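Chemist: Take the given structure of chain Y and dock chain X to it, following the hints.
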Amino acid sequence: MWEQILEDAPRFFGPWNLLFLGEALVNTLLLSYLGAAMGFAIGFGLAIGRHPRLYGVLPLRIAATAYVEIFRRIPFLVKLMCVFFAFQLSGAQASLFTIALVTVVLSAAAFAAEIARAGIESVPAPQWDAAEAMNFSRWRVLTRVVAPQSWRVALPPLFGYAVGFIKSTSIASQIGVMELTYAAKILNTRGFSAALCFGTILIVYFLICWPTKRLGEKLEARLGHRAKA
Amino acid sequence: MNYSLIYSQVTPHIPYLLGGAVLTLQLAVISFVAGWAIGLVNASVLHFGPRPARAAVQAYVTFFINTPLLVQIFFIFFVLPDAGILLSPYAAVAIGMSLNAGAYLTEIQRAGFQSLRREEIDAATAMGFSVPQMVWYVILPHIAKALYPPLSNQFIIQVMTTSIAAIFAVEELTGRAYNVNSLTFRSLEVFSITAVIYVALTLVCSLALALLGRWLFRVKARIL
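Here the protein sequences come in this chain order: Y and X. Here the first sequence is numbered in the working numbering, starting from 48 and rising by one per residue. Here the second sequence is numbered in the working numbering, starting from 66 and rising by one per residue.
Among these hints, one or two may not hold up.
[Claimed, not checked] Result set (EDC-like, lysine to aspartate or glutamate): computed pairs, CA atoms no more than 20 angstroms apart in a straight line:
(1) X:K210 - X:E184
(2) Y:K232 - Y:E70
(3) X:K210 - X:E185
(4) Y:K232 - Y:D55
(5) Y:K265 - X:E172
(6) Y:K232 - X:D147
(7) Y:K260 - X:E172
(8) X:K210 - X:E172
(9) Y:K260 - Y:E161
In short, the hints are calculated from the structure, not lab data. Small disclaimer: the values here were computed from a predicted structure and weren't measured.
Only chain Y is shown next, with the shape it has when bound in the complex (with noise of 0.2 angstroms):
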């Protein structure tokens, strides 16, 4: 097994292998972290719906409530063959990478929705009752007493999903998006040996994950106590 690693080793990182990982590099960071920040985007949105006090009314309650309740409980496979087979069905013509990333914020948004909810509701009561003996509107309730609290509150967990959709797109090799894991998929067909695609990978994942997670942990560890302050 060594022994053909190493023999493997200088033509797997030849010129042409690095170009090709690189483009599957930017696929997935490309689809995870736009898919990400669109998703949380989205969620966001969903949270202020979902919100009696803001501009929660009952049917947009109602239907944020069911869209995020649904959407967490679906495995991202399952998502993605539905997302998949929507789009073939109806038509539409869209890449698989399109494909793909709506998948990735449709999920982001069901799971940021709950984190920016937990946001909201840190803002402590008498602080909204202030507000609205105050004749404060809903929209400047929003951005000049809420946003500007839970933001801190909101940020940091969201780099930690973040993280959960940068591997979840490995899923999108399923559907043959060029991605880190179709990539390796692509040259352990070409006779490279696994280990080395694999691992290779392995790697190249949790350099772009690592960074990822120790920037929510340390903005959350400065955030927090900013807050305290």
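Modeler: This is chain X only, laid out in the frame that chain Y set:
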């Protein structure tokens, strides 16, 4: 383009899909229990162990939390045979999921160990508790109560994660959905029904775990 959803061709296959759900639960339970055991050992090592052992456990946790489960299983399934270890798809998935869950459950249980208060142990010592009594009456109920919600949450995550087994041709819920799909070609219908089954399955699990927790804690409250 117009496409009409026709569920009538898929509904006869629902019992078959539900049979897959049983395998899903089985895989979730196996990986959760194995992961819990790994996590308990690791958390004890992190709390009481010597420095090199702590560093090793920390490296294991950091690595498994920051890499995708799918690639971990690929590695186990395709690389270990080169080293002479042949695994069935089911075994590879079960091992991968257990190791992965072990990393998360180490984190969770470490937090539980840290929530123990020095004063409680001191109080128990002052009241003449022996060590087993202390573990049984003071430490365990305290940790169990603190850990029950994150542990049951992790179990739900395990149930959903098992869908990755389908990629390795294990016939659990998603794997069977693939089979029904290639039989009927009613793709969207098959996978939407599968999604509904997953939602129902995890809701039932959440409810059962919540009831179990309540029942367990009431029992503990009576003993104490």
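Chemist: None of the hints should be skipped; say for each whether it holds.
Modeler: Each hint tested on the structure:
With a C-alpha separation of about 18 angstroms, the suggested pairing of K210 (chain X) with E184 (chain X) holds against the 20 angstroms cut-off. Proximity of K232 (chain Y) to E70 (chain Y) is assessed by CA-CA distance (about 15 angstroms); at most 20 angstroms being required, the pair is judged to hold. Simply put, K210 (chain X) and E185 (chain X) have alpha-carbon atoms about 15 angstroms apart, close enough for the 20 angstroms limit, and the pair holds. At roughly 16 angstroms between alpha-carbon atoms, K232 (chain Y) and D55 (chain Y) fall within 20 angstroms of each other, so this suggested pair holds.
For the suggested pair K265 (chain Y) and E172 (chain X), the alpha carbons sit about 17 angstroms apart, so the restraint of at most 20 angstroms is met. Of the pairs offered as hints, the one joining K232 (chain Y) and D147 (chain X) holds, with about 16 angstroms between alpha carbons and a cut-off of 20 angstroms not exceeded. Straight-line distance between C-alpha atoms of K260 (chain Y) and E172 (chain X) comes to about 14 angstroms, which keeps the hinted pair within the 20 angstroms bound. Our distance criterion of 20 angstroms between C-alpha atoms is met by K210 (chain X) and E172 (chain X), whose separation comes to about 16 angstroms.
For the hint linking K260 (chain Y) to E161 (chain Y), the alpha-carbon distance of about 19 angstroms falls within 20 angstroms, and the restraint holds.
When each numbered hint is compared with the structure, no violation occurs for any of them.
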